[in-house]
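Given next are the chains, with one letter for each unit.
2 protein chains.
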Amino acid sequence: MTLKTEHRALFEYIHKRTPIKESDFSNYCDHFRIKTLKRNEFILRQGAHCDFLAFVNKGCLRLFQYNEEGKVLTRYFAFENKFGTSLSSFINQTVSDEYIQAIEPTELLMITRKDFYELVENVPEINVIYRDILEMAYTTTVKRIYNFQGVPALERLKWVMEYQPMILTRLPSKMVASFLGVTPYTLSRLKSEL
Amino acid sequence: MTLKTEHRALFEYIHKRTPIKESDFSNYCDHFRIKTLKRNEFILRQGAHCDFLAFVNKGCLRLFQYNEEGKVLTRYFAFENKFGTSLSSFINQTVSDEYIQAIEPTELLMITRKDFYELVENVPEINVIYRDILEMAYTTTVKRIYNFQGVPALERLKWVMEYQPMILTRLPSKMVASFLGVTPYTLSRLKSEL
DNA sequence: TTCAATTGTTGCCATAGGGCAACTTTTACA
DNA sequence: TGTAAAAGTTGCCCTATGGCAACAATTGAA
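Respectively, the protein sequence lines represent chains A and B. Numbering-wise (our numbering), the first sequence opens with residue 940 and increments by one. Numbering-wise (our numbering), the second sequence opens with residue 940 and increments by one.
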């Protein structure tokens, strides 16, 4: 039995991080169900419980929240071959402060929290993958803190240009600004300084 | 056999989070060795590998790094009953960007990375504790990002006053400023606006 | 393909926070 | 416990970024 096309990228993702046989993967990969989203469609809103984990096959997810003054604060973009979830809510089964939205027409593989934790307990490769997700999420956020604390906006922009160019090429500038923690006016001005 | 005084607080910490018998804990608690630090003493420097996890019995640790211009960026203070380590380095066995320093005369329980991961594999309670540490580290850093991205300095100060008052009462103002991401001048001015 | 709606740019001024200097207060340890 | 060094405060001015308004460019749905 051969793998469905839709599960191919996820298999490669896992295979890159830990030894895994395609035949084993195919035993449980149907827990990851395909879901397509239109541009701007939400899969999580503030106040809801995040009970899923999503792997991006195609398209892009944005994680953000609103601050007290109603300003949009963008924390993360998940492009192809990345996982997206509101991890704090997913882990602790608490209400989410964050929204998750598709920015482009998007195809996801989604697994429920319950199914995922069952795989984490019973499938060593998924256990490794979960550890990997947690570690990456953590190290990414720590880098981001140091960035906001000690790096001026123009340098943050240059960093994104170098290491995450898709953020600039695929997303509206308004969202890039929100990700960088500046207004669209300022981003526009920073660009002209490059 | 009764628990040594030095292991009491760690036992309580674990006990609060997961069922555990004192007699079981005493089987492996000697992996956590006591270490005392003088004020300002370092236990980790940038460029070293962080191969330990420290539980603070008494005193306070500061985690920080320098940015390109040499400015001190403080990320976290670990007071009594908190764990401190440079988690990215600890997890990935990479070189640390961070320093860890005692701010007060400090008493720690330290366990090596090797011993700790052995306990994580073999002792269910320690496995739970490790998951807990990762989750808290992650959710703390995410909150901090949203703080820097969308909350003005005066509000950040008020937040610390309410939720982490020890930062203000026990630490020099210079370090508080660095933690808040402002200069000591600005912190001094913010205080007069309260 | 068009055109209303959204997004991006830029001039102008406002504001938050930075940095220096001078001064005061606190601290540490001889 | 005296004193030098460090830390904290404040006046003054500077810089980075914010916010409004007017305009230009782009977009997407009919």
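You may find that some hints are simply not true.
Pairs involving identical chains hold if they fit within one copy or between any two copies, as the list cannot separate such chains.
No more than 35 Å apart at the CA atoms, straight line, and that leaves these computed lysine-lysine pairs for DSBU-like [what the hints assert, rightly or not]:
1. Lys1021 / Lys997
2. Lys997 / Lys1097
3. Lys1053 / Lys1130
4. Lys1053 / Lys955
5. Lys1130 / Lys960
6. Lys1053 / Lys960
7. Lys960 / Lys1010
8. Lys1097 / Lys943
Quick caveat, the hints were computed from the structure, so don't treat them as lab data.
Status of each hint after checking the structure:
In this homomeric assembly, Lys1021 and Lys997 come within 35 Å of each other (Cα to Cα) only inside a single copy, at 10 Å, whereas the closest approach across copies is 41 Å. Proximity of Lys997 to Lys1097 under the C-alpha cut-off of 35 Å is restricted to the intra-copy arrangement: shortest distance 26 Å within a copy versus 43 Å between copies. For a Cα distance limit of 35 Å, the shortest separation of Lys1053 from Lys1130 qualifies neither inside one copy, at 45 Å, nor across copies, at 47 Å. For the identical chains of this complex, Lys1053 and Lys955 are neighbours both inside a copy (25 Å) and across copies (25 Å), given an alpha-carbon limit of 35 Å.
In the homo-oligomer, the alpha carbons of Lys1130 and Lys960 never lie at most 35 Å apart, since the shortest distance is 47 Å inside one protomer and 60 Å across protomers. With identical chains, the CA atoms of Lys1053 and Lys960 are at most 35 Å apart both within one copy (24 Å) and between copies (29 Å). Taking CA atoms no more than 35 Å apart as the test, Lys960 paired with Lys1010 passes in neither setting, with 46 Å inside one copy and 49 Å between copies. Neither within a single protomer nor between protomers do Lys1097 and Lys943 lie at most 35 Å apart by alpha-carbon distance, with minima of 39 Å and 53 Å respectively.
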